[in-house]
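Listed in order, the protein sequences are those of chains B and D.
Position 78 of the first sequence, counted from 1, bears residue number 78 in our numbering, the numbering being contiguous throughout.
Position 153 of the second sequence, counted from 1, bears residue number 153 in our numbering, the numbering being contiguous throughout.
Honestly, I wouldn't trust all of these hints.
[What the hints assert, rightly or not] Result set (DSS-like, lysine-lysine): computed pairs, CA atoms no more than 25 Å apart in a straight line: (1) D:Lys199 - B:Lys199; (2) D:Lys242 - B:Lys147; (3) B:Lys242 - D:Lys199; (4) D:Lys147 - B:Lys242; (5) B:Lys242 - B:Lys199; (6) B:Lys147 - D:Lys199; (7) B:Lys242 - D:Lys60.
[Claimed, not checked] A few chain D positions that, by computed beta-carbon distances, are all more than 10 Å from chain B: (8) Gly13; (9) Pro15; (10) Gln19; (11) Gly211.
[Claimed, not checked] Ranges of calculated distance between the beta carbons of each label pair, as one might list FRET restraints: (12) D:Arg72 - B:Asp64: 13 to 23 Å; (13) D:Lys109 - B:Glu170: 49 to 59 Å; (14) B:Glu210 - D:Gly94: 30 to 40 Å.
It should be emphasised that the hints constitute simulated quantities derived from the structure, not laboratory data.
Just so it is clear, the structure is predicted and the values come from calculations on it, not from any experiment.
Where a beta carbon is used, it is the ideal one built from N, C-alpha and C, also for glycine.
Number of protein chains: 2
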Amino acid sequence: MLMTSATLDRTSGVPLYRQIKQILIDEMRAGAGADGLAMTEEALITRFHVSRAPVRQALKELVDEGYVYRERAKGTFPVQGLNVQRPATLQLGGLMGYLREQGLSPEAKVYGVSRFVPPAEVRKGLGLAASDKVLTFTRVITVKEEKLVSSQVYLCSPPEFEPTSRELEEAGSAFELLQQRHGIDLTRSEHHVWASAAKGDDAAALDLAEGEPILVVETLLLTRDGRPGGWRRAIHRADDFKYVFASNR
Amino acid sequence: MLMTSATLDRTSGVPLYRQIKQILIDEMRAGAGADGLAMTEEALITRFHVSRAPVRQALKELVDEGYVYRERAKGTFPVQGLNVQRPATLQLGGLMGYLREQGLSPEAKVYGVSRFVPPAEVRKGLGLAASDKVLTFTRVITVKEEKLVSSQVYLCSPPEFEPTSRELEEAGSAFELLQQRHGIDLTRSEHHVWASAAKGDDAAALDLAEGEPILVVETLLLTRDGRPGGWRRAIHRADDFKYVFASNR
DNA sequence: CAGTGGTCTAGACCACGTA
DNA sequence: ACGTGGTCTAGACCACTGT
Numbered sequence: 001m002l003m004t005s006a007t008l009d010r011t012s013g014v015p016l017y018r019q020i021k022q023i024l025i026d027e028m029r030a031g032a033g034a035d036g037l038a039m040t041e042e043a044l045i046t047r048f049h050v051s052r053a054p055v056r057q058a059l060k061e062l063v064d065e066g067y068v069y070r071e072r073a074k075g076t077f078p079v080q081g082l083n084v085q086r087p088a089t090l091q092l093g094g095l096m097g098y099l100r101e102q103g104l105s106p107e108a109k110v111y112g113v114s115r116f117v118p119p120a121e122v123r124k125g126l127g128l129a130a131s132d133k134v135l136t137f138t139r140v141i142t143v144k145e146e147k148l149v150s151s152q153v154y155l156c157s158p159p160e161f162e163p164t165s166r167e168l169e170e171a172g173s174a175f176e177l178l179q180q181r182h183g184i185d186l187t188r189s190e191h192h193v194w195a196s197a198a199k200g201d202d203a204a205a206l207d208l209a210e211g212e213p214i215l216v217v218e219t220l221l222l223t224r225d226g227r228p229g230g231w232r233r234a235i236h237r238a239d240d241f242k243y244v245f246a247s248n249r
Numbered sequence: 001m002l003m004t005s006a007t008l009d010r011t012s013g014v015p016l017y018r019q020i021k022q023i024l025i026d027e028m029r030a031g032a033g034a035d036g037l038a039m040t041e042e043a044l045i046t047r048f049h050v051s052r053a054p055v056r057q058a059l060k061e062l063v064d065e066g067y068v069y070r071e072r073a074k075g076t077f078p079v080q081g082l083n084v085q086r087p088a089t090l091q092l093g094g095l096m097g098y099l100r101e102q103g104l105s106p107e108a109k110v111y112g113v114s115r116f117v118p119p120a121e122v123r124k125g126l127g128l129a130a131s132d133k134v135l136t137f138t139r140v141i142t143v144k145e146e147k148l149v150s151s152q153v154y155l156c157s158p159p160e161f162e163p164t165s166r167e168l169e170e171a172g173s174a175f176e177l178l179q180q181r182h183g184i185d186l187t188r189s190e191h192h193v194w195a196s197a198a199k200g201d202d203a204a205a206l207d208l209a210e211g212e213p214i215l216v217v218e219t220l221l222l223t224r225d226g227r228p229g230g231w232r233r234a235i236h237r238a239d240d241f242k243y244v245f246a247s248n249r
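Can you build the whole structure from these sequences, using the hints too?
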């Protein structure tokens, strides 16, 4: 088998460590699971004609992303099973996109877009004064005529941010809209996940009988500098929705 | 206020970047949230009399762990709210320790320790042949006379690994035992979390009526090199157990 | 012993944001 | 223009592992 060895492009503007990283990923996917090649730093330095820094940065990111593991005085080795699909942590607000990728045809409905003072629990989580108003709305995602998830969203946003229901339905996520229009990125988040029995509004929101099981996900969203910027309570139909995430520690 | 500035110890064997990192964490906790000090690389280099590498490594880890954020051409800034307790992702098998830290008195009971061929679903997840045997057992954690969680665990382990129920109850985690005795560390994991209605064995395991809501957490455990090494299905009493995790992306 | 990754030094050039 | 973090070079010494 003839293997055309990839080389680096020093004029492309793409950092060397990213090119190295991508080449190694491609090679591992292509079947280096049969641990053929040695990924020692020295080998990569001589192979790509670079110094240690870009090699180490590439390997560092590969470790963080779970592609390889390193053992002191032993070497760097690819993890097994890179060909099988590994679950990625669900992106925030990326549920619509994910469902489409899965070949489903999700529909989003947004109700009750308004701006008012949130309930005490939410106000506390967002660290707001008793009179501060936030943008709020309800979003229901339906798949195959069945209501899959109902979310109540509270967003600390400038008064100028007054999206319509239509805009919120078309945008993949309200958070994306907020970033595009006002440069506010709510990239940090804290999730609380538990099971409960549907009752009252929760039951009605998903057309469930009282007492039926639901999955509740409460999320506090934070800006890069750690200030609360949003709060969301999502109710999922039991069994139909699974939260998936991986850890390397 | 007199501030005794911490200095580095080059003889302690502790890497400089770790010392720098810890000093910065302490200072931020002490109240640098009032963004008093500048954490630019140049400032830290001159302050600690080191080169750029340890400073960058310290800051890199602080970013990864959510203590600071960096903006190109602007600077490095502490995130707000470091004094309030942030949720840490629950350590695998660390539930007993966590409950004790919370001042509760959890009790663990282990039943049915044995070694046999697992059901098809588990065998598939673990990538085993039809005749491979694994160690299996059931573990129930009780708090205040109430069964909180019931786990069915399947462990790929050498035949010599034959812990007693007693040993498994006293060890914080079967995974710890496996690492201590055979050097097998199942550090990687993939979690699937959803809500369901208790029925059959699941209902009996937690003394619930049929149809009551439960939280199901299925976890595939992997070794550092990515080979499946264990599988666990945990059933949690609804409302009493919350899965908490944070993300910086 | 040689090879590995972990840590550190002392420089360099660049893109980008602020002033 | 200047300061910031992002990237890269070319060295160095160390601890640890396997032979």
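To see whether the hints hold, each was checked on the structure:
Between Lys199 of chain D and Lys199 of chain B the alpha-carbon distance is near 20 Å, which keeps this suggested pair within the 25 Å criterion. With a CA separation close to 24 Å, the supplied pair Lys242 of chain D and Lys147 of chain B stays within the 25 Å bound. Using a Cα cut-off of 25 Å, the hinted pair Lys242 of chain B and Lys199 of chain D holds, with the two alpha carbons roughly 19 Å apart. For the proposed pair Lys147 of chain D and Lys242 of chain B, the alpha carbon gap of about 24 Å is at most 25 Å, so the pair holds.
At roughly 21 Å between alpha-carbon atoms, Lys242 of chain B and Lys199 of chain B fall within 25 Å of each other, so this suggested pair holds. Between Lys147 of chain B and Lys199 of chain D the CA atoms are separated by roughly 23 Å; this keeps the pair inside 25 Å, and the hint holds. Between Lys242 of chain B and Lys60 of chain D, the direct Cα distance comes to roughly 32 Å. Violation of the 25 Å bound is thereby established for this hinted pair. At roughly 15 Å, the least C-beta separation between Gly13 of chain D and chain B is larger than 10 Å, which holds for a residue marked as non-interface.
With a minimum CB-CB distance of about 13 Å to chain B, Pro15 of chain D clears the 10 Å threshold, and the non-interface call stands. Under the 10 Å C-beta cut-off, the non-interface status given to Gln19 of chain D relative to chain B holds; the minimum distance is some 20 Å. The Cβ of Gly211 of chain D does not lie farther than 10 Å from every Cβ of chain B; its closest approach is about 7 Å, which violates its non-interface assignment. Checked against the hint of 13 to 23 Å, the pair Arg72 of chain D and Asp64 of chain B passes, with Cβ atoms roughly 20 Å apart.
Checking the proposed 49 to 59 Å range against Lys109 of chain D and Glu170 of chain B shows it holds: the Cβ atoms sit about 53 Å from each other. At about 36 Å, the CB distance of Glu210 of chain B to Gly94 of chain D agrees with the hint of 30 to 40 Å.
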